[in-house]
Amino acid sequence: MNGKIMPELKIDTKTIEGWLAEVMDPEVPVLSVMDLGIVREIRQENGNLEIIITPTYSGCPAMDVITAQIRLAVAGRGFKDVKVTQSLQPAWTTDWMSEAGKQKLKDYGIAPPLPKQTVCHPDLFQMEEAIQCPHCGSWHTKRLSEFGSTACKALYQCQDCQEPFDYFKCH
Amino acid sequence: MRELINYTLHLADNSLILGHRNSEWCGHGPILEQDIALTNIALDLIGQARYLYQYAARLINENPGASDLIFDASPVTEDTLAYFRDTRQFRNCLLVEQPNGDWAQTLLKQFLFSAYQYPLYTALQKSADKELCAIAEKAIKEVSYHLRWSGEWIIRMGDGTSESHKRLMHAFDELWMYTGELFIPSEEEKLLLNNGISANLVSVKESWMARVEQVFVDANLPLAHIRDQKPTIFQKGGKEGRHSESLGYILAEMQFVQRAYPGNEW
Numbered sequence: 014m015n016g017k018i019m020p021e022l023k024i025d026t027k028t029i030e031g032w033l034a035e036v037m038d039p040e041v042p043v044l045s046v047m048d049l050g051i052v053r054e055i056r057q058e059n060g061n062l063e064i065i066i067t068p069t070y071s072g073c074p075a076m077d078v079i080t081a082q083i084r085l086a087v088a089g090r091g092f093k094d095v096k097v098t099q100s101l102q103p104a105w106t107t108d109w110m111s112e113a114g115k116q117k118l119k120d121y122g123i124a125p126p127l128p129k130q131t132v133c134h135p136d137l138f139q140m141e142e143a144i145q146c147p148h149c150g151s152w153h154t155k156r157l158s159e160f161g162s163t164a165c166k167a168l169y170q171c172q173d174c175q176e177p178f179d180y181f182k183c184h
Numbered sequence: 014m015r016e017l018i019n020y021t022l023h024l025a026d027n028s029l030i031l032g033h034r035n036s037e038w039c040g041h042g043p044i045l046e047q048d049i050a051l052t053n054i055a056l057d058l059i060g061q062a063r064y065l066y067q068y069a070a071r072l073i074n075e076n077p078g079a080s081d082l083i084f085d086a087s088p089v090t091e092d093t094l095a096y097f098r099d100t101r102q103f104r105n106c107l108l109v110e111q112p113n114g115d116w117a118q119t120l121l122k123q124f125l126f127s128a129y130q131y132p133l134y135t136a137l138q139k140s141a142d143k144e145l146c147a148i149a150e151k152a153i154k155e156v157s158y159h160l161r162w163s164g165e166w167i168i169r170m171g172d173g174t175s176e177s178h179k180r181l182m183h184a185f186d187e188l189w190m191y192t193g194e195l196f197i198p199s200e201e202e203k204l205l206l207n208n209g210i211s212a213n214l215v216s217v218k219e220s221w222m223a224r225v226e227q228v229f230v231d232a233n234l235p236l237a238h239i240r241d242q243k244p245t246i247f248q249k250g251g252k253e254g255r256h257s258e259s260l261g262y263i264l265a266e267m268q269f270v271q272r273a274y275p276g277n278e279w
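The listed protein sequences correspond, in order, to chains Y and Z.
Under this note's numbering, the residues of the first sequence are numbered 14 to 184, in order.
Under this note's numbering, the residues of the second sequence are numbered 14 to 279, in order.
No lab work stands behind these hints, which were simulated from the structure alone.
Incorrect hints may appear among the rest.
Claimed, not checked - Below, in silico cross-link-like pairs of lysine-lysine (PhoX-like), each with a Cα-Cα straight-line distance of 25 angstroms or less: (1) LYS154(Z) to LYS115(Y); (2) LYS96(Y) to LYS23(Y); (3) LYS203(Z) to LYS155(Y); (4) LYS96(Y) to LYS143(Z); (5) LYS93(Y) to LYS27(Y); (6) LYS218(Z) to LYS203(Z).
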């Protein structure tokens, strides 16, 4: 097959996006790479497929696994020579996360990023962002740490139900 | 081309060495949250270093003879650059290789460096080199987080107990001498500045000094302590590969496995 299904055959981009919607973030297994908004472009030329992704954080160790899983997902559909390219610019932002993805995060117990970035500048001792507890819905929450279990999260605690929770911080 | 390769390596080495130093805290932080914070910052820095090494490796492979570096293996990869260069070939500034010391010294080192990286990467976002531009755009978001976190700690320690204040003053005495070099352009930086590729260190310094002084004021640290330092205390040489003895120990630990078992993976 030479890495091609057939030279003249072009697969509908929506179909490929559907395949990628099954590739999950290994650190946050309810989110697909489509939900995260890290798939920036899908290119097809002469039956060759190139998928351009962008990393969330520079040091995110999940990127290598995600790249491998994207290869596997499309290889299973006949594209053996898929090229997965990383692009840094424009830099990823949580604004690219889908609404469905945010809802999935919340259902999973992780507070989704706020729609508008409020603390992405370096001023010290800013007001804490008001984050809603994903468990009981209370807004009476407190930040425990700016850094959580992965680079993309911060640690919060609900002052009403007392549950600690991760917040997928805006970036 | 040689200048661009060396400058990219300088930026990469800064991030890798500080990232490695921070990773030494893994499992030793005073409380879990701060341990995680430092290791997350280490991860960001090593991630930045990877992009820069990948770029430098590509430049070296695409321009044979342009670099002074000679390696056994070909093609050159990010790992070749991280694991198979010796101290004299590392171009990081002296500040990042200094020992962690106590919490105050680790955090002051991170703060002084983040306060430098922030205006540096802000400037590099307008670099004529598209790849450095993209890496800077990506990294600046992470750097602003590092800067905020470390700056808040400086204020907390300076304005905290007499013990934390004393330790921070001690950290200042240990580290301040290594900050001068950050703003002395190397030959590469001078040449690349003319081509619109590197950052103007005069304006980077202005921005850095304003931020450092503001944090010092907020932390109840005497500004005179900064301003009265004699120019003769400042050390330099890192950008040219002349390092303090600390770097050799870092490389010995970091490179051992790859030197003993080249290409080993796990």
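Point to revise | Numbers of the earlier hints that this structure fails to satisfy, in rising order | key: Number 3 only.
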